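If you're matching them up, the sequences are chains A and B in order.
Residue numbering for the first sequence follows my numbering, beginning at 1 and increasing consecutively.
Residue numbering for the second sequence follows my numbering, beginning at 1 and increasing consecutively.
Note that these hints are calculated values from the structure, not bench results.
Keep in mind that this is a model prediction, so the values were computed, not measured.
Don't take every hint at face value.
Rough simulated footprint, nothing fancy, chain B against chain A, three-plus residues with beta-carbon under 8 angstroms [claimed, not checked]:
| # | region |
| --- | --- |
| 1 | 76-83 |
| 2 | 429-436 |
| 3 | 455-466 |
Pairs of lysine-lysine, DSS-like flavour, derived with a Cα cap of 25 angstroms [as the list claims (entries may be wrong)]:
| # | chain 1 | residue 1 | chain 2 | residue 2 |
| --- | --- | --- | --- | --- |
| 4 | B | K131 | A | K377 |
| 5 | A | K308 | B | K196 |
| 6 | B | K219 | A | K322 |
| 7 | B | K131 | A | K371 |
| 8 | A | K342 | A | K267 |
Looking from chain A toward chain B, a few residues come up when the C-beta cut is under 7 angstroms (computed) [claimed, not checked]:
| # | residue |
| --- | --- |
| 9 | V144 |
| 10 | G351 |
| 11 | L358 |
| 12 | M361 |
| 13 | S365 |
Glycine included, each C-beta is placed from N, C-alpha and C at the ideal position.
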Amino acid sequence: MNKSEELLLLKGINKKFGPVQILYDVDLSIYKGKVHALMGSNGAGKSTLMKIIAGDYTLDSGTIHLDNQLININSPGEAKSHGISVIHQELNLVKELTVSENIYLGKELTIGFGNFINSKKKALSKTKEIINKYNIQLDPLKKVKDLSIGEQQLVEILKAVSEESKVLIMDEPTAALSAEETKQLFKVITSLKSKGIGIIYISHRLDEIQEICDYVYILRDGRNVSEGLINHFSNERIIEEMVGSQIDNIFPSSDRKKGDELLRVEKIQNNILRSISFSLYEGEIIGIFGLIGAGQSEILNVLFGTKKKADGNIYVKNKLAKISSPIDAKKLGLAYVTENRKEEGLLLELGSEENMVLPSMGKFSSLGIKKQSLIKKVANDYKETLKIKLASISQPVKNLSGGNQQKVILGKWLLTGPEIILLSEPTRGIDVGARVEIYKLLDQLANESRKGIIMASSDADEVIGVSDRIFVVFEGEIIAEIDKSEATRERLMEFASGAKYLKEGV
Amino acid sequence: MESSVKVEKPNTQLKVDRLGTLDLIQKYGMVMILLLITIVFSILSPNFLTYSNIVSILRQVSIIGIIAAGQTLVIITAGIDLSVGSIVALAGIVSAMVALGTESALLGITAGLLTGTLIGLFNGILISKLKLTPFIVTLASMTLFAGFALVVSGGNPIIVSEPLFKFIGQGYIGPIPFPVIVLMFIYLFFFFLLKKTVHGQYIYSIGGNEKATILAGVKVDIHKMIVYATSGFLAALASIILTSRLSSASPVAGAGYELDAIAAVILGGTSLFGGRGNVLGTLIGVLILGVLTSGMNLINVSPFYQNIAKGIIVLVAVIIDRLINRDK
C-alpha cells in the first residue's frame, strides 16, 4: 500500500506485565480509508496492543507515529485528542438521554453569556449533519434506552466521528447484532472508509473479516506472524496462522445415533412464541437458528422456566412436566448455558470452583456445611477435563478469557448431571481454539454421554456444523425443519429472513 | 505464554492467590490503620492501653458490632438494612414490657428477639417477593417501627431490673463482660457461616450476580429473607444488651446506629455493590470506630469535635484503602 496513505504506524512495540512479556516487537500500520482485521487467539496480545493504542496501557518500548509525527499516548484522553477512538463491546451510553445528548456528552455545545447555556438545539442540528454525512438511519431525539443494540452502537460510532476521529478501533462490533443490523453497520463502515478513516476491526467471525476488511494482521503469542491483503488469506489460512498448527476440522464429524425421546414440546405459546412443537432425543443435537429476537432464545427460556408460557405442554421423558422456575427445570435434569456470560452466567468476583458448584451445592454439602475438599477436587478435575486455562481455581473468573469463562459455565452445568442441555449462542466472542474444543465437547456429550442438546445460535455455520436437525425460527414460529445433510447457509438465511416463508406461505 | 492478557499484573495476582483472597490485603490495610490509631492514643494517654480500658472499649463496641455483623450479610447480598436502629428501639421496648408484664426475663428476651426477627422477615419478604429496593423498604420500616416504639411505650422509657436481664448487659464470665463474649461468639459463628456453609455461599452468589444465581436454580428469595431476618434478629439482640446495660428501654434508643454499623462494614472492606466482604473486616471496622471514640474521650476531645474527627478518619481510612487497592 502507498506510504503516503499511512495513518498510524506502530513499530517495535514491547510490553511486559511484571515478568510476563505480552508483546514482542510488534509492528502495525493503519492506512487511511482501510479496514484492518487484527486476528489472534485469546492471549495473543490483541487486546493489549489495542489498549496501548487507546491509551489504557503505556508501552515499554517502541514508537507510534500518527501522520508521520512521533506521538506519545499516555492516557485515554491523549489517544482521543490524537483522534483515536474505541468502540467497546460494552457500550458506554447514558440510557436516559437522547441520541444527540449522548453524542455531545462532555462536550456540550454552549451559547450565551459566558457560554453558560447548553444548547441542545445546536447539538441536535450538528447531530443531524453527521447522521446525514454518514448516511445513517437514526432519530437523534430518541432516548438511547429505546434503541436496539445495533442502533446504540451506531450512536457510539457517531460519538467517535463527531470528535474528528482518524482511527477507529472496533472490538467485536457485531457480537450482539442481528444479521440486518450487521448489514447496516457494514454500510456505515463503508461510508467511514470513504471519508478516510482508518479502522481496526477485531472479530472472531471469519466470514465478516472476509467481507469487510481490506488488510489482515495476525498475532500469535505476542508476535506478528503474518499480514497482508485479505484476498491472500483464506479462512483456513487465517486459522492456521492464529493457532500455529493445522486444524483438520472445526466441527467434529461423529456419527451420532438417536436414542429414546427425552423431551417433547407441544404447542407452546406466549406473547413471543407461536405454537412450538418438537421432540428431542438422546444423543441428538438440535440447532435453532434465527435472527436476533426471532424467538430462539425464548424457546429455551420457557423450557428452563425463566419465561412463562401461556399455553402448551412440556413432557420430559414422557411425563408431563411443570416448569415454572429454574429450580423446577434443574430438578428435571435440564441445564441452561445462557447467552450473556457476564450478566447471567458468572459470579465474576468469585473463583471458578465457586462458580462451578453453585447449582449443585446440595451434592457438595451435608447439613448445610460445604464439603470444601470435595469441591476443590471436583473443580480441579473439571479444570483438567475441560482444559480450562487458569492460574488457580480460586482466581476470580472475571480475569479469564471468554473461552475459559464459557468452559467454567459448561462445567457448572455438567456438574448437575443434566440429561438435557440448552445452550444459547455458546461461542459468541470466543476464539477459534476454544470454539473447536466446545464443539468437540458438545459432540462427546451427545454421542458418548447420550445427552440431548438444544443449541440456539445466530451463527449459521455453527448451527450447520454442530446440529443433527435445524429448526429455523421466524417471528416466534418454527417455520422450517432442515436435516443437517440438506442445510446450507443460504437456505437457513432465506428462511430466517422470512423471504421463503412469505414467498411460499409455508 | 499461556496466561490470559487480561491478568493485568500476574505477579501480584500470584501473591494474592497464595494468601487466599483479595479481601485479606484489604483487611491488613485496615488492621494497620487500627494499630496506628491505637499507638497514637497510647502515646497521647497513658490510660489508653490498660486492661480495664481495653475491656471497656470491647464492651462499648459490642452493640454496634453485633448489628454490623448482620449488616455485613445484608450488604454482601448487595442490599442494605436501614431499619436496624428502629429495631433496637422497638425490640428493647417490647422485651422490657413483656419482662415487666410476665415477670419473666426469659419471656421478655424471647419477645424482643422475635420482634426483631419478624421485622427483618417483613423487610425480606417485601424485598424478595415484591422485588422492591432494599433501600426504600428499610427506609420505610425504619420510620414505621420507630413510630411503633413511641406509640407502644407512650414515649416514656421503661425501667427493667430483673437480675437475669441485668446479667446480659452488665454481667461477667470470669474477667470478660458477657456482651463481649456474645460479640466474639457472633463473629465466630458468622465467619463460619459465610466461609463454610451453603447459605454463606449463596449470600456471596446473590450479591455477585443475582440473575446468575436464580438461573442456577437457587431459591434466592428464601436466602434473602433469611439474611434480613438475621439482621433483624441481631439488631434485637444488640437492643437487649443495651436495655440491660442501661436497665431501661428507651423508645428513642438506637437512633443512628444503622449508620455506624454501615460505616463499620465499609471500613471493613465489604463492597456496597455486593459479592465481596467478610465479617472479620467488619470487626476491624467496628474496633476502629470504638478505639477512636474511647481515645478521644480519654484525651478530652469535646463531643462536637469527636464527630468531625470520626468523619475525617473514616474518609481517610477509605481513601488509604482505595490507594492500596487502586490497581485492582
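Now the hints, each set against the structure:
no., hint, verdict
1, 76-83, "violated (count 0)"
2, 429-436, "violated (count 0)"
3, 455-466, "violated (count 0)"
4, B/K131 / A/K377, "violated (37 angstroms)"
5, A/K308 / B/K196, "violated (35 angstroms)"
6, B/K219 / A/K322, "holds (17 angstroms)"
7, B/K131 / A/K371, "violated (32 angstroms)"
8, A/K342 / A/K267, "violated (32 angstroms)"
9, V144, "violated (22 angstroms)"
10, G351, "violated (9 angstroms)"
11, L358, "holds (5 angstroms)"
12, M361, "holds (5 angstroms)"
13, S365, "holds (5 angstroms)"
The structure fails hints 1, 2, 3, 4, 5, 7, 8, 9 and 10 (numbered hints given earlier, in ascending order).
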